[in-house]
Amino acid sequence: MMDDLRVLTGKHFMNGDEACAEGALAAGCTFFGGYPITPSTEIAEHLARRLPEVDSVFIQMEDELGSMAAILGASAAGARSMTATSGPGLSLMMENLGLAVMLEIPCVVVDVQRGSPSTGLPTMPGQSDVMQARWGSHGDYEIVAYSPWSAQEMFDLTILAFNIADRYRTPVLILGDEVVGHMIERVVIPPKEQIDHWGRKRPKEPDNGRYEPFKVEDADLVPPMVHAGEGYRVHFTGLTHDERGYPDMSAKTHHQLVTRLVNKIRNNADQIIRTEGYYLDDAQILVVAYGCTARSAQRAVREARQKGIQVGLLRLISLWPFPEALFQELAEKVDTIIVAEMNLGQMSREIQRVTGRPVRGVFHAGGEMIPPESILEAIREAAA
Amino acid sequence: MTAVKVADEHPLDAIIRADRMPHIWCPGCGIGIVMRCYAQAILDSQVPVDQHVVISGIGCSGRVAGYMNIDSYHTTHGRAIPFALGMKLAKPELMTTVFSGDGDLVAIGGNHLIHAARRNVDINVICVNNFNYGMTGGQVGPTTPQGARGTTAPYGNPELPFNLPYLLSASGANFVARWTTIHVRQIREDILYAFTRPGFTFIEVLAPCPVGFGKLNNIEDGLEEMELYRQRCVRVRDGDVRGDDLNIDLREDKPIYVGRFADRDRPPYEPVKVEVK
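For the protein sequence lines, the chains are Y and W, in the order given.
Read in order, the letters of the first sequence correspond to residues 1 to 384 in the numbering used here.
Read in order, the letters of the second sequence correspond to residues 1001 to 1277 in the numbering used here.
Calculated directly from the structure, the hints in this document are not laboratory data.
Note that beta-carbon positions come from the ideal geometry of N, C-alpha and C, so glycine has one too.
Only true hints are included.
Just some of the chain W residues that point at chain Y, by a computed CB distance under 10 Å:
no.: 1; residue: R1017
no.: 2; residue: I1058
no.: 3; residue: R1063
no.: 4; residue: A1065
no.: 5; residue: M1068
no.: 6; residue: H1074
no.: 7; residue: A1080
no.: 8; residue: F1083
no.: 9; residue: A1084
no.: 10; residue: A1090
no.: 11; residue: L1094
no.: 12; residue: T1096
no.: 13; residue: H1115
no.: 14; residue: K1273
no.: 15; residue: E1275
no.: 16; residue: V1276
Chain Y on its own, in the form it takes in the complex (with noise of 0.2 Å):
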């Protein structure tokens, strides 16, 4: 009955954020810790319903910076934990992101991005919060981020994102915006049997009391985790710390520590990366989007085909780590590179620097979706 209730098989009606909802569910989420804020509260509020339901958690916690401690403590004690918010929370959230990094527990973090900075736009889209979600907390560190571009992606990403935090013990997040968030669309959820679940890397018994939970012996660089009250009398600490987790206040180990942390990611980064392709085989324009503004990138290069321009699309489906290697490769291919981006020009600027090239911008501040014309115009430039 209660995996019944958990993975709502079937055709289904709903909006994006409680989509998201029902892939936490679906992905086994058991502790959702959150504070409410437009236009994730949706999120929220699904998930107070249904959590409940299924023997789960939910607790909506005093502030951001409350919400992501919950998760991080709820997640290292074995439970799937996610936290939902906007950017005025993930600002807050950004010093136990980095704790969750320093630590290795895995977690999701959502985030509906609205206008921004500040306050701005709360019930409008943005697409403006990608680089905090890259740099945001301080240090060295990589991130994963995944960017949904439709109600039926905020459930198959957050499963996935489930499933990459676990795997490299990494907190993941997902860069949803207010279109994707509120839109209603038709969500397939498949039979519970078809959705992965690949569950964390543990360790065997404890051999003599002596165990190093921080000790890497797979090329994947990802440790085997301890869960708490498990008998292993671990030592977690946001310090730089050495294989038995104990701090130790030196340059070699600290260098040795966030170096492994940052190539964990990089190094995996071909099993992490999602991106989809439109008509790229023979593009001499290359159009950039994702999340609500690939939808009109798609349909401002299907248009531009039919007027004969050799146009492709590629979609980051995730933002981070960033694919160097395909930007390289594609560079080599087409003349012109356009970005079509929510903001002022964030995810552009990393094009540039691993291409090399100049990038041609579609920007908005945000506030109201990229039309297809907008994009089409800038492709139509590109290609007289």
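For chain Y, the structure is supplied; the task is to place chain W on it using the hints.
Coordinates of chain W only, in the frame set by chain Y:
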């Protein structure tokens, strides 16, 4: 001259990470005394050692997590309580204790402290109150008595401090006690008692910080502050939370009220459960 004898064993070897000694605390610091009481309470508790978890924030008292040989989490500044809350709710069989200092729990973490008490979530908090930020070198905080000096209050602290038993009792904690580092037996007993109490428990322990607080406030050393506690401590009757009388002023000859300030049975926080037909 008699030869120096070195003990091979310590009664707490099983529960302290001896391989991490020496610790970072200064001579005369009171944190080790409180940790000793906590460790003994764990050994004396009916709860298996491997079910005990300690969560700390940042600061001198926050280092306790690193010295306890149990599952231990040294988190971010002020966020030990919500981290512990998540852990407890995800795995209720854990005996979850937050061990941290006054700056961590009451200043930067103050919002989490009152909300955890209001919810009456089933975790224990041990708060070492040394009236200042010790690790960063003697700055004033929300527990520093008015007029006391700190490196960020060279002319004396202009602010009024929190009265923690009053704050926690008003916020809804099931159990609230205050002791000082001379009350080792009472501390151990009350920690042990807190383990048996459902809901939120809070034990404040006044502790000397001779290097951070004492030297700026004419308290010679740790021993002198302990002597001052001995002279001035007055035990309250259970449940007594007389507001202003609970304020602490080490510079003046005022009583320091200690004891149990709240011990009640508000229902502890339970996540909602729904039976689906």
